[in-house]
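S.K.: Heads up: the protein sequence lines correspond to chains X and R, in order.
Start counting at 1 in the first sequence, then tack on 51, and there's your number in my numbering.
Start counting at 1 in the second sequence, then tack on 212, and there's your number in my numbering.
Some clues are possibly wrong.
Derived DEER-like restraints, expressed as beta-carbon distance ranges [stated by the list, open to error]: (1) X/I58 - R/T273: 42 to 48 Å; (2) R/A506 - X/D427: 50 to 56 Å; (3) X/D427 - R/Q522: 52 to 58 Å; (4) R/A348 - X/R76: 18 to 24 Å; (5) R/A229 - X/L347: 31 to 37 Å; (6) R/T436 - X/V413: 52 to 58 Å.
Listed next, the stretches of chain X that the computed footprint assigns to chain R, with coverage defined by at least 3 CB atoms under 8 Å from CB atoms of chain R [claimed, not checked]: (7) 68-78; (8) 119-125; (9) 264-277.
Think of the hints as simulated: they come from the structure by calculation, not from any bench.
Cβ atoms here follow ideal geometry from the backbone N, Cα and C, with glycine treated the same way.
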Amino acid sequence: MSAVGFITRLRALTRKESRQLLRDRSNLLVGLLLPVVLILLFGYGLSFDVKDARIAVVMQNNSQAAREAAMGLTGSSYLSPVWMHDMREAEAAMIAGDIDATLRVPHDFLRQLALGEAHVQLILNGVDSTTASAIEGYVNGALAVPFAKRLQRMGGKSAESGSVVIVQRSWFNEPGESTWFLVPGLVVLILTLIGAFLTSLLVAREWERGTLEAIFVTPVRPLELVLAKLAPYMVIGAIDLGMCLLAARWLFEVPMRGSLPIIIAVSLLYLLVSLSLGLLISALARNQFAASQIALLVSFMPALMLSGFVFDLRNVPVVIRAISQLLPATHFMGLIKTLFMAGDYWPDILRSSAILSIYAAVLITFTCRALRKTMD
Amino acid sequence: MTGATVVAEGLQRSFEAPGGGSLRAIDTLSLTVRPGELTALVGPDGAGKTTLLRMIAGLLTPGGGRLEVLGTDVTRDPQRVQDRISYMPQRFGLYEDLSVQENLDLYADLHRVPQDERGPRFTRLLKMTDMARFTARPAGKLSGGMKQKLGLACTLVRAPELLLLDEPSVGVDPLSRRDLWAIVQQLVEDDGLSVIVSTAYMDEAARCAQVHVMNHGRILASGTPKALCARVQGLTFAAVPPAGVHPRVLQARMLAAPEVIVDATPHGGAVHYVRQPQADAARLAEALDGAASAPRGEGLEDAFMLLLRQHDNGTHHALPEPDERTPASAVAPDNPNVSPIISVRNLVRRFGDFTAVASTSFEVLPGEIFGLLGPNGAGKTTTFRMLCGLLPATEGQLEVAGRDLRTARARARARIGYVAQKFSLYGNLSVRENLEFFGGAYGLRGRALRTQVRAALERFDLDPTARSGELPAGYKQRLAMATGLLHAPQILFLDEPTSGIDPLARRAFWRTITGLAGAGVTIIVTTHFMEEAEYCDRIAIQDAGEMLVIGTPQQVRDKAGADRGTDMNAAFIGIVEQARATREAAV
Numbered sequence: 052m053s054a055v056g057f058i059t060r061l062r063a064l065t066r067k068e069s070r071q072l073l074r075d076r077s078n079l080l081v082g083l084l085l086p087v088v089l090i091l092l093f094g095y096g097l098s099f100d101v102k103d104a105r106i107a108v109v110m111q112n113n114s115q116a117a118r119e120a121a122m123g124l125t126g127s128s129y130l131s132p133v134w135m136h137d138m139r140e141a142e143a144a145m146i147a148g149d150i151d152a153t154l155r156v157p158h159d160f161l162r163q164l165a166l167g168e169a170h171v172q173l174i175l176n177g178v179d180s181t182t183a184s185a186i187e188g189y190v191n192g193a194l195a196v197p198f199a200k201r202l203q204r205m206g207g208k209s210a211e212s213g214s215v216v217i218v219q220r221s222w223f224n225e226p227g228e229s230t231w232f233l234v235p236g237l238v239v240l241i242l243t244l245i246g247a248f249l250t251s252l253l254v255a256r257e258w259e260r261g262t263l264e265a266i267f268v269t270p271v272r273p274l275e276l277v278l279a280k281l282a283p284y285m286v287i288g289a290i291d292l293g294m295c296l297l298a299a300r301w302l303f304e305v306p307m308r309g310s311l312p313i314i315i316a317v318s319l320l321y322l323l324v325s326l327s328l329g330l331l332i333s334a335l336a337r338n339q340f341a342a343s344q345i346a347l348l349v350s351f352m353p354a355l356m357l358s359g360f361v362f363d364l365r366n367v368p369v370v371i372r373a374i375s376q377l378l379p380a381t382h383f384m385g386l387i388k389t390l391f392m393a394g395d396y397w398p399d400i401l402r403s404s405a406i407l408s409i410y411a412a413v414l415i416t417f418t419c420r421a422l423r424k425t426m427d
Numbered sequence: 213m214t215g216a217t218v219v220a221e222g223l224q225r226s227f228e229a230p231g232g233g234s235l236r237a238i239d240t241l242s243l244t245v246r247p248g249e250l251t252a253l254v255g256p257d258g259a260g261k262t263t264l265l266r267m268i269a270g271l272l273t274p275g276g277g278r279l280e281v282l283g284t285d286v287t288r289d290p291q292r293v294q295d296r297i298s299y300m301p302q303r304f305g306l307y308e309d310l311s312v313q314e315n316l317d318l319y320a321d322l323h324r325v326p327q328d329e330r331g332p333r334f335t336r337l338l339k340m341t342d343m344a345r346f347t348a349r350p351a352g353k354l355s356g357g358m359k360q361k362l363g364l365a366c367t368l369v370r371a372p373e374l375l376l377l378d379e380p381s382v383g384v385d386p387l388s389r390r391d392l393w394a395i396v397q398q399l400v401e402d403d404g405l406s407v408i409v410s411t412a413y414m415d416e417a418a419r420c421a422q423v424h425v426m427n428h429g430r431i432l433a434s435g436t437p438k439a440l441c442a443r444v445q446g447l448t449f450a451a452v453p454p455a456g457v458h459p460r461v462l463q464a465r466m467l468a469a470p471e472v473i474v475d476a477t478p479h480g481g482a483v484h485y486v487r488q489p490q491a492d493a494a495r496l497a498e499a500l501d502g503a504a505s506a507p508r509g510e511g512l513e514d515a516f517m518l519l520l521r522q523h524d525n526g527t528h529h530a531l532p533e534p535d536e537r538t539p540a541s542a543v544a545p546d547n548p549n550v551s552p553i554i555s556v557r558n559l560v561r562r563f564g565d566f567t568a569v570a571s572t573s574f575e576v577l578p579g580e581i582f583g584l585l586g587p588n589g590a591g592k593t594t595t596f597r598m599l600c601g602l603l604p605a606t607e608g609q610l611e612v613a614g615r616d617l618r619t620a621r622a623r624a625r626a627r628i629g630y631v632a633q634k635f636s637l638y639g640n641l642s643v644r645e646n647l648e649f650f651g652g653a654y655g656l657r658g659r660a661l662r663t664q665v666r667a668a669l670e671r672f673d674l675d676p677t678a679r680s681g682e683l684p685a686g687y688k689q690r691l692a693m694a695t696g697l698l699h700a701p702q703i704l705f706l707d708e709p710t711s712g713i714d715p716l717a718r719r720a721f722w723r724t725i726t727g728l729a730g731a732g733v734t735i736i737v738t739t740h741f742m743e744e745a746e747y748c749d750r751i752a753i754q755d756a757g758e759m760l761v762i763g764t765p766q767q768v769r770d771k772a773g774a775d776r777g778t779d780m781n782a783a784f785i786g787i788v789e790q791a792r793a794t795r796e797a798a799v
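In isolation and in its complexed conformation, chain X is listed as follows (with noise of 0.2 Å):
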């Protein structure tokens, strides 16, 4: 069959699938503003940092030194202290929820200190494990800076008394935003979307209206028809891309260590992944609700979940390691990661890039081997 026949066709299906995109409103919304919804939502809405945490500060001595040492707490932003009288109103507001944490200056404080070994006790609420940890955290850092002062005011003595003072450096997200961590991965889900919820329905619902009968006794071959169906929604993809990057530059000053060509070549593999995984799932349910459940449980939801999203893959069980190992997400995830906050990691370019790349080849072959001309 000649290329001129090849060129013709592709051209006539790829018109007639925008008109059909461009007419469905629905598709548009989907494909266009929900991508906007998700990265408002996930970069203002979804946040793992702590800011404001209420803890109650119970002051059992009210020495200079013990006031002294609580004040760091007013000086965080994350941290918001209530002054309480004693343990027991702490513990009323603990139970009802109304604060975080306890933060207890006991008796002999001033005693203890003088002794060199002074203790303030801190009690959690271990309710919401991931809030209380990063509680400790900012808890442990806002009384060292007064601790380390004073050490350093009674001068010399502190190699004596044998304290170790941490200097705390976090690489790659130097100022801990949880919005630098998700952003990048907000790509890999808006991408993965599109796939999982436009071409997904793309050949089932021809299989529905009975449009593909038609179109089968034609001179047309399946790859026309799977390469028309990913063109405009290739585009559509590409403007999600862009909004992303725009965002991740402009809105959350997330930086972008590795270089834009190479963010933007392997988003676009991945798109197409996520397209023709899409297809595929369409062409063999032949429905479009199965279809698009289909999708949203092979594709959507193990991208939120077991790419490596919000959980660190290498603390699930071997089993779930090992699926989320099969998913192309989860290879695009940790490379678009690197490329945001470290930078461009050769290695790992080529590694993850030749994945997606087999599986591009392999879901398009299999989406025109399922839409092999046939009723069989």
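With chain X held as given, fit chain R onto it using these hints.
M.R.: Frame of chain X; chain R shown alone:
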């Protein structure tokens, strides 16, 4: 062109039957199709017509045998065949969000029709389909008949070497059907096109050069319509029922004697029947019950019915005998003492500034069969929905079963049964579960429900455990009717109940209807099969929202003019065209 267009030898194809086992759709079938002719495939539902056409189109792989299309083994190289043929599936999938022109362009591009050929070709197709005015309209907003014509136009964007049409006229009104056939016949005459068409209309098959009658995946008989008709020569008669007896009542009685009567249909006030070749004279006279009978010319439908009855022994589609309690004669509709069960005065329905139904008035008497006829988009469905209380009227009065539908809709509804055009029961429930569910929805419970469900299963000869979605078309229709009748309604509304159903199943359906009417149920029915108007006591023809004529079939034929003869189809086309001409003249 050398040799045959299609050669099939010992062709076979099985499908997995629902509930396990295999179903032979095509069973050692052999057939030859000559080039440059119209060839018809006729046969009851499930005969294998669609399977055969799909195999010819290379969409289904034969399970065995040889199939050569245009000299190519289609199994080995389907694409080579698909490059040269055009195929219009039963449900032609138009892209509904694309315009008429965009649909045409798409198919022209796929077939790589050169730009300079498109202009004249499109002009011709749009003229033939009378759609030049609608090129910018989305295909989804066309009426059923226009969609079908556009489907045909898309199939014909280039001149194929072979055209396959799978039941192109299902659900299409007589006018659109006539247009569709005019297009096909013109192409055969002008371009020497080879066409294979499957159809449930025998008048369409009669126009073809060759007819293949199929049943259970085999060819029962092949030949010219004339040769096939010769098989019933001397067996066809017309019986005139005694005064006061509706032809359908005599017809039902005759059908109940299959050992002497092959087929009987009401036609022009008489009953056209085919007798068995070896019919016992005494038994035949008994079935006729004194009706005078005279020989008449034979038609293709007569031959078709004879072939099928001989092959099937008539067991397949026969419904149980009508209820013995059924009175032999229906309520006389012209009895002045009977008050109407449906009364409609100056009914109007508008959608925005579009008037779907314009000032319509009529009455229906209890026990009457009332037919509502009209082209696609005439306002039948809208009228229907208002009568059932599914759609409020914009203006006018509407009384059903003595209740004003505007004020007592729920109470009126309890007395009516409704069978929608599309199968609207739950496909994945069993027959019994569907009946029980809908019985419950009508307020039946406990013993009453069980009794009604059992009666329905018996009356319609349904298997209670069968999955509803997997029933053959004729049985789905029965189940839908059984469901609509569970609460013993006084009025039954049927919206195109016989659309897409073969002649055998249609006979069975109308026998049930005749029985119901005899038992006093009022029937309101729409149909595209004009010969079915003969079963009705009175019919109304609607077009563009206007009521054109109401009366007995005889009155309607008379109004169309004597030159139209006894053919209801011709009468219908005459009346609608006359009204359209008058309307255009007035504008």
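S.K.: Look at each hint and say if it fits the structure.
M.R.: Quick rundown of the hints versus the structure:
The supplied range of 42 to 48 Å is broken by X/I58 and R/T273, whose beta-carbon atoms lie about 30 Å from each other. In this structure, R/A506 and X/D427 meet the distance hint of 50 to 56 Å, their C-beta atoms being roughly 53 Å apart. Between X/D427 and R/Q522, the C-beta spacing of about 34 Å breaks the proposed range 52 to 58 Å. Restraint check, R/A348 to X/R76: a C-beta distance of roughly 20 Å satisfies the suggested window 18 to 24 Å.
Hint check: R/A229 to X/L347, Cβ distance near 33 Å, so the stated range 31 to 37 Å holds. A hinted range of 52 to 58 Å for the beta carbons of R/T436 and X/V413 is consistent with their spacing of about 55 Å. Using a Cβ-Cβ cut-off of 8 Å, 4 residues of the segment 68-78 of chain X lie near chain R, which meets the minimum of three, so the contact claim holds. Residue count for the segment 119-125 of chain X with a Cβ under 8 Å from a Cβ of chain R: 0. That is fewer than the three needed, and the coverage hint is violated.
Against chain R, the segment 264-277 of chain X contributes 9 residues with a C-beta closer than 8 Å to a partner C-beta. That satisfies the three-residue criterion, and the hint holds.
Consistency note: the structure conflicts with the earlier hints numbered 1, 3 and 8.
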